[in-house]
Amino acid sequence: GENVEQHPSTLSVQEGDSAVIKCTYSDSASNYFPWYKQELGKRPQLIIDIRSNVGEKKDQRIAVTLNKTAKHFSLHITETQPEDSAVYFCAASPFSGGYQKVTFGTGTKLQVIP
Amino acid sequence: DVKVTQSSRYLVKRTGEKVFLECVQDMDHENMFWYRQDPGLGLRLIYFSYDVKMKEKGDIPEGYSVSREKKERFSLILESASTNQTSMYLCASSFRGNSGANVLTFGAGSRLTVL
Numbered sequence: 001g002e003n004v005e006q007h008p009s010t011l012s013v014q015e016g017d018s019a020v021i022k023c024t025y026s027d028s029a030s031n032y033f034p035w036y037k038q039e040l041g042k043r044p045q046l047i048i049d050i051r052s053n054v055g056e057k058k059d060q061r062i063a064v065t066l067n068k069t070a071k072h073f074s075l076h077i078t079e080t081q082p083e084d085s086a087v088y089f090c091a092a093s094p095f096s097g098g099y100q101k102v103t104f105g106t107g108t109k110l111q112v113i114p
Numbered sequence: 001d002v003k004v005t006q007s008s009r010y011l012v013k014r015t016g017e018k019v020f021l022e023c024v025q026d027m028d029h030e031n032m033f034w035y036r037q038d039p040g041l042g043l044r045l046i047y048f049s050y051d052v053k054m055k056e057k058g059d060i061p062e063g064y065s066v067s068r069e070k071k072e073r074f075s076l077i078l079e080s081a082s083t084n085q086t087s088m089y090l091c092a093s094s095f096r097g098n099s100g101a102n103v104l105t106f107g108a109g110s111r112l113t114v115l
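Order-wise, the sequence lines are chains A and B. 68 is the number that our numbering gives to position 68 of the first sequence; each next residue is one higher, with no gaps. 70 is the number that our numbering gives to position 70 of the second sequence; each next residue is one higher, with no gaps.
These are computed hints drawn from the structure, not numbers from a lab. Possibly wrong hints are sitting among the right ones.
List of simulated lysine-lysine pairs, DSSO-like, C-alpha gap at most 27 Å [said to hold, decoys possible]:
| # | chain 1 | residue 1 | chain 2 | residue 2 |
| --- | --- | --- | --- | --- |
| 1 | A | Lys37 | A | Lys68 |
| 2 | A | Lys37 | B | Lys18 |
| 3 | A | Lys71 | A | Lys58 |
| 4 | A | Lys71 | A | Lys37 |
| 5 | B | Lys53 | A | Lys37 |
| 6 | B | Lys57 | A | Lys71 |
| 7 | B | Lys13 | A | Lys42 |
| 8 | B | Lys71 | A | Lys22 |
| 9 | A | Lys22 | A | Lys71 |
| 10 | A | Lys42 | A | Lys58 |
| 11 | B | Lys53 | B | Lys3 |
| 12 | A | Lys68 | A | Lys42 |
| 13 | A | Lys57 | B | Lys53 |
| 14 | A | Lys109 | A | Lys68 |
| 15 | B | Lys3 | B | Lys57 |
| 16 | B | Lys53 | B | Lys18 |
| 17 | A | Lys68 | A | Lys58 |
| 18 | A | Lys57 | A | Lys71 |
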């Protein structure tokens with residue numbers, strides 16, 4: 001089955017700096033890579049995703065990059081703000097006619113210091 | 001708004017008890033999932049279902065079973081609760097489309113403590 005590794009487990013940055021979280025996956029059949037943000041005491045919510053036919057995707061201050069050859073993908077947050085403080089999870093999912101198992105990484109706790 | 005509702009936010013049970021965790025979604029999603037969340041271990045998939053009465057084992061199914069008799073409801077069952085099943089349990093659902101994007105909507109979670 002799929003195995004997703006995520007690093008670092010904790011990350012502290014000064015407000016305004018950039019943050020990068022990296023993930024690797026093992027199953028070459030995976031073709032969908034979402035990122036979820038979980039604020040303290042709340043449920044995880046999708047913030048951005050990327051499919052295997054795309055190398056990079058941006059949405060305002062966040063971007064994801066995907067290297068299919070190396071089987072790794074990354075989340076980049078620029079100009080970090082205190083409200084970016086949360087736990088971030090990467091995930092990988094193979095798609096096969098709608099039958100999809102989503103495997104998550106172990107999470108990164110991001111702290112943005114004002 | 002898609003709503004995924006978990007009936008119990010907090011439960012305390014004794015070792016050996018049978019525990020039912022209920023999850024209901026109101027958006028006609030085909031896929032439903034049960035994850036457990038533990039510090040440092042992320043979200044681990046217990047079971048998932050892609051249709052009524054269909055179920056598939058996830059990565060950590062031991063000690064759990066599931067039931068999906070109706071499309072909107074997915075139940076997680078602990079036949080004989082043990083202390084190592086103390087955890088936060090998250091239910092999620094998603095639409096089974098052909099686009100390849102499986103966007104999960106999560107419930108608020110059920111925190112189970114087994115004494």
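Evaluation of the provided hints:
1. Lys37/A <-> Lys68/A: holds (23 Å)
2. Lys37/A <-> Lys18/B: Judged against 27 Å, a Cα distance of about 32 Å means the pair is violated.
3. Lys71/A <-> Lys58/A: Distance of about 19 Å is within 27 Å: holds.
4. Lys71/A <-> Lys37/A: holds (22 Å)
5. Lys53/B <-> Lys37/A: The given pair, whose Cα atoms are some 31 Å apart, is violated under the 27 Å limit.
6. Lys57/B <-> Lys71/A: holds (25 Å)
7. Lys13/B <-> Lys42/A: Given that 27 Å is the threshold and the Cα spacing comes to 23 Å, the pair holds.
8. Lys71/B <-> Lys22/A: violated (36 Å)
9. Lys22/A <-> Lys71/A: Holds. Lys22/A to Lys71/A sits at ~11 Å (cutoff 27 Å).
10. Lys42/A <-> Lys58/A: Satisfied, since the Cα-Cα distance of roughly 25 Å is no more than 27 Å.
11. Lys53/B <-> Lys3/B: holds (21 Å)
12. Lys68/A <-> Lys42/A: Roughly 32 Å separates the two Cα atoms, so the pair is violated.
13. Lys57/A <-> Lys53/B: violated (37 Å)
14. Lys109/A <-> Lys68/A: holds (25 Å)
15. Lys3/B <-> Lys57/B: holds (24 Å)
16. Lys53/B <-> Lys18/B: Holds, at about 21 Å.
17. Lys68/A <-> Lys58/A: holds (18 Å)
18. Lys57/A <-> Lys71/A: Within the cut-off at roughly 16 Å; holds.
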